[in-house]
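Novice: In the UniProt record's numbering, the protein residues as written are 1 to 154.
Do not take every clue at face value.
[Claimed, not checked] Beta-carbon label-pair distances, calculated as ranges:
(1) D17 / Q58: 20 to 26 Å
(2) P49 / G85: 30 to 36 Å
(3) D15 / T93: 15 to 21 Å
(4) L104 / A84: 30 to 36 Å
Just so you know, the hints here were simulated from the structure itself, not pulled from any lab data. Bear in mind that the values here come from a model prediction, so they are computed numbers and not experimental data. For every residue, glycine included, the Cβ atom is placed at its ideal position computed from N, Cα and C.
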Amino acid sequence: MLHGGPLRIWSAITDPDHRRAWSPLVFLDNPCQLGETECTFAIQGITRPIRTPARVDQFDKPRAFAWSCGIPYLFTLEERYELAGDDGGTRLTHSCTLRGALSLPFAAMMLRRLRSLMIEADDRLATYLRWRVGQPARGINRQRVPSRYRRKAR
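Could you build the full structure based on these sequences and the hints that come with them?
Specialist: See below:
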């Protein structure tokens, strides 16, 4: 359960400026429409971010948002957010799925790290939303976002 209504949480998940303020792993170039886009993985220990083609698979405002990247039938990563609630609070379900022929060997290596990254992302989103409660629903004002919620430009 998160503070705020589904539209506020939807904006935090899909708006690139909001997402940049809390997301620890992946930045989508254009998360606001269905179809092809690109994403950037910012992985600790790697000095240069990894860019790859991605696809926004579901954009059902304000109920569900899903995107995926990878090579179909070989290895794909899908991240999904499902929202339910009202202005009193929103239940957010966040999941990641690995699919394809190589998903099982990669899952064995990546599962613990992927889980910790998801927990970190969920905690950062919840903290960001607690800070944003009571703020206008307009676009983010970068001067008013505390520095601990912003990532350094790479």
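Novice: Evaluate each hint against the coordinates.
Specialist: A quick look at each hint next to the structure:
1. A hinted range of 20 to 26 Å holds for the C-beta pair D17 and Q58, which are about 21 Å apart.
2. As the Cβ distance of P49 to G85 is approximately 33 Å, the hint placing it in 30 to 36 Å holds.
3. In this structure the supplied range 15 to 21 Å holds for D15 paired with T93, their Cβ-Cβ distance being about 20 Å.
4. One distance hint, 30 to 36 Å for the beta-carbon pair L104 and A84, holds here, with the actual separation near 31 Å.
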